[in-house]
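Number of protein chains: 2
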Amino acid sequence: RECNRMALAVLEIRNWAADMVDRDDPLLIEQIQARLLPRRGIFANPDEIIVTLGAQNALYMLSTLLMGRGSRVAMEDPGYPDARSIFQLAGAETVPVRIDAEGVVTQEIPADCDFVFVTPSHHCPTMVPLSDRRRRDLLAGAVENDQIILEDGYDSQLLDDAPQQALKSIDRSGRVIYVGSLSKTLAPGLRLGYIVASADLVAELRALRRFMLRHPPANNQRAVALFLSLGHHEALVRKLSAAFAERRRRLVHAVSAFLPEWQSTDSAGGSSVWLKGPPGMDTKALADAALARSVIIEPGERFFAERENHVRFMRLGISSIALQHIEPGIRELATAARRRPAAA
Amino acid sequence: RECNRMALAVLEIRNWAADMVDRDDPLLIEQIQARLLPRRGIFANPDEIIVTLGAQNALYMLSTLLMGRGSRVAMEDPGYPDARSIFQLAGAETVPVRIDAEGVVTQEIPADCDFVFVTPSHHCPTMVPLSDRRRRDLLAGAVENDQIILEDGYDSQLLDDAPQQALKSIDRSGRVIYVGSLSKTLAPGLRLGYIVASADLVAELRALRRFMLRHPPANNQRAVALFLSLGHHEALVRKLSAAFAERRRRLVHAVSAFLPEWQSTDSAGGSSVWLKGPPGMDTKALADAALARSVIIEPGERFFAERENHVRFMRLGISSIALQHIEPGIRELATAARRRPAAA
Chain A
1 RECNRMALAV LEIRNWAADM VDRDDPLLIE QIQARLLPRR GIFANPDEII VTLGAQNALY
61 MLSTLLMGRG SRVAMEDPGY PDARSIFQLA GAETVPVRID AEGVVTQEIP ADCDFVFVTP
121 SHHCPTMVPL SDRRRRDLLA GAVENDQIIL EDGYDSQLLD DAPQQALKSI DRSGRVIYVG
181 SLSKTLAPGL RLGYIVASAD LVAELRALRR FMLRHPPANN QRAVALFLSL GHHEALVRKL
241 SAAFAERRRR LVHAVSAFLP EWQSTDSAGG SSVWLKGPPG MDTKALADAA LARSVIIEPG
301 ERFFAERENH VRFMRLGISS IALQHIEPGI RELATAARRR PAAA
Chain B
345 RECNRMALAV LEIRNWAADM VDRDDPLLIE QIQARLLPRR GIFANPDEII VTLGAQNALY
405 MLSTLLMGRG SRVAMEDPGY PDARSIFQLA GAETVPVRID AEGVVTQEIP ADCDFVFVTP
465 SHHCPTMVPL SDRRRRDLLA GAVENDQIIL EDGYDSQLLD DAPQQALKSI DRSGRVIYVG
525 SLSKTLAPGL RLGYIVASAD LVAELRALRR FMLRHPPANN QRAVALFLSL GHHEALVRKL
585 SAAFAERRRR LVHAVSAFLP EWQSTDSAGG SSVWLKGPPG MDTKALADAA LARSVIIEPG
645 ERFFAERENH VRFMRLGISS IALQHIEPGI RELATAARRR PAAA
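Protein chains in written order, with my numbering: chain A, 1 to 344; chain B, 345 to 688.
Quick caveat, the hints were computed from the structure, so don't treat them as lab data.
Please note that a few of the clues may not be correct.
Reference excerpt, derived from the structure (chain A facing chain B, CB under 8 Å, subset only) [what the hints assert, rightly or not]:
#, residue
1, Ala18
2, Gly54
3, Gln56
4, Arg69
5, Ser85
6, Phe211
7, Met212
8, Arg214
9, Asn220
10, Leu230
Keep in mind it's a predicted model, so treat the numbers as computed, not measured.
Quick reminder that beta carbons are idealized off the backbone N, C-alpha and C, glycines included.
Next up, chain A with everything else stripped away, as it sits in the complex (with noise of 0.2 Å):
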């Protein structure tokens, strides 16, 4: 809030009220560059960063500029749903492909796939950051095959205990293109969002994006720049990473202690908690019910690209629930599932 204070003072609105065509803050990619990307072992240079309206703009662009009728794309399975439909729109077909507890199965990655798309930090929505291996395995699938792979950096601004470098990091073969966000610590509602990639498809972007829309709105991307050159991003994930980690650890302990029969995956960390019900449950029928009891739950067959099969899946933000509606939305939601009828 200060920042955007700060933004208001009248030298710094003639620094972001002009119409900037096709360009960025340069404040702003200069704190990316600086402070953003080294956390995550990556360092570029500003003319390879492109400032976005979030990630999901970020792929738009990516499958505008890059995939059209012909292109196949593997997906991780369960997914994330909205980066399937993106690219689905842009005429490429989707392949799925399965998760296990490393993260997606590399091998079943088939070699005729153009793309692929991962989020090898935290998988999106289980959370599982990608194992070592499958990080090598993938990158060496994508020069062999000759693959481009599009890293969505879900969650990835978060200290917690998945890996903290990129696999845009440890990619020497130049596949990777790095997709940023700050929803996840700022706000969603900000929409801003990056996209580190080589310096001629960046320009590229950039001719794109100026069309689109010039670019993303000036004084957010201002305000943003000073909260990220004061040091107050490092400070505030500080923060939301302990709430997080805290408000996750009391949200397994319910779950063990009021729904013993769901599995929770392994939280490595992130902003939600995937469950996977037992038998027979269907968590479209359980949301409803809960949210009648006031607690909202996510069903999580719209990530899976079969979603009859997977009915039982619950997704659980933890990124806006004060700690002390952690149980009690947990009893309740344990209530609620005892009296639904389970799915036939």
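Chain A is fixed; fit chain B onto it per the hints.
Positioned in the frame of chain A, the structure of chain B alone reads:
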């Protein structure tokens, strides 16, 4: 600025920090509906309005949704070059139509065009308003030839001698899609515009926007909504319009005094002035010579479908020049024009 501060109050942050997926700030929609549109004679329901990242993003979304290979779009010539590029990027063919003192020559719009793109409030770049006769012609032709009209309310928020009614306000056939912008009266850097169309089309635009960028930054939506709701925008528009009128008067006067061989269109208003130089003048060379004297002009050729034959034109912006710099600027420009050998 005050409203941006208000949007930062804790209670308001709750209203914008969250991800809005495909929705807009209801307060902003309400303010557009109640304050901006009626001034142009447009009465729309909330579900007929969608907020965009500026007018350009509005045109990009409309072209992505409505146009494809084989689409033919009639365009004013000279006209808004970015619109031309956006339509071509979507695969459409653009067809130039001549401009005269009444605006676009509607009789020359080919019957086989699927779309007509017009800037009837102030023609871009000449600022001529489209005459009443031509407006009726345009609407009748659209009905007869089954055409969709894309109305860009270019500079339409300004209060000046140009007609106040939008083409959309007199459309009874539902063939006009209206695009508005807050760039000219607030700041282009904010990137806020809107589309007024049928509820069905707006729903489709929301579905597309959800994947393209989810929603325009919610903090800016809320800040502008507060600004509008307090009546500040009306006051700002009156102030800006009066300031622009005075600058335009001084500019036209200085041009007739120091550049007597240049013709300016009788300016009905708007944020710039359009000038035609003497035979042999090349405004690209003049722009370089003028820049060396700290005077910025915009060569006019980029507004034409065929650039080569239109190197005599230029546009002078008045939206950010101080009154006392106008006459000295035109003097410098005249000196630069005299020193420059005219293009062979």
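Now for the hints, and whether the structure bears them out:
no. : hint   : in the structure
1   : Ala18  : holds (6 Å)
2   : Gly54  : holds (6 Å)
3   : Gln56  : holds (6 Å)
4   : Arg69  : violated (12 Å)
5   : Ser85  : holds (6 Å)
6   : Phe211 : holds (5 Å)
7   : Met212 : holds (5 Å)
8   : Arg214 : holds (6 Å)
9   : Asn220 : holds (6 Å)
10  : Leu230 : violated (16 Å)
In this structure, the earlier hints numbered 4, 10 are contradicted, and the remaining ones agree with it.
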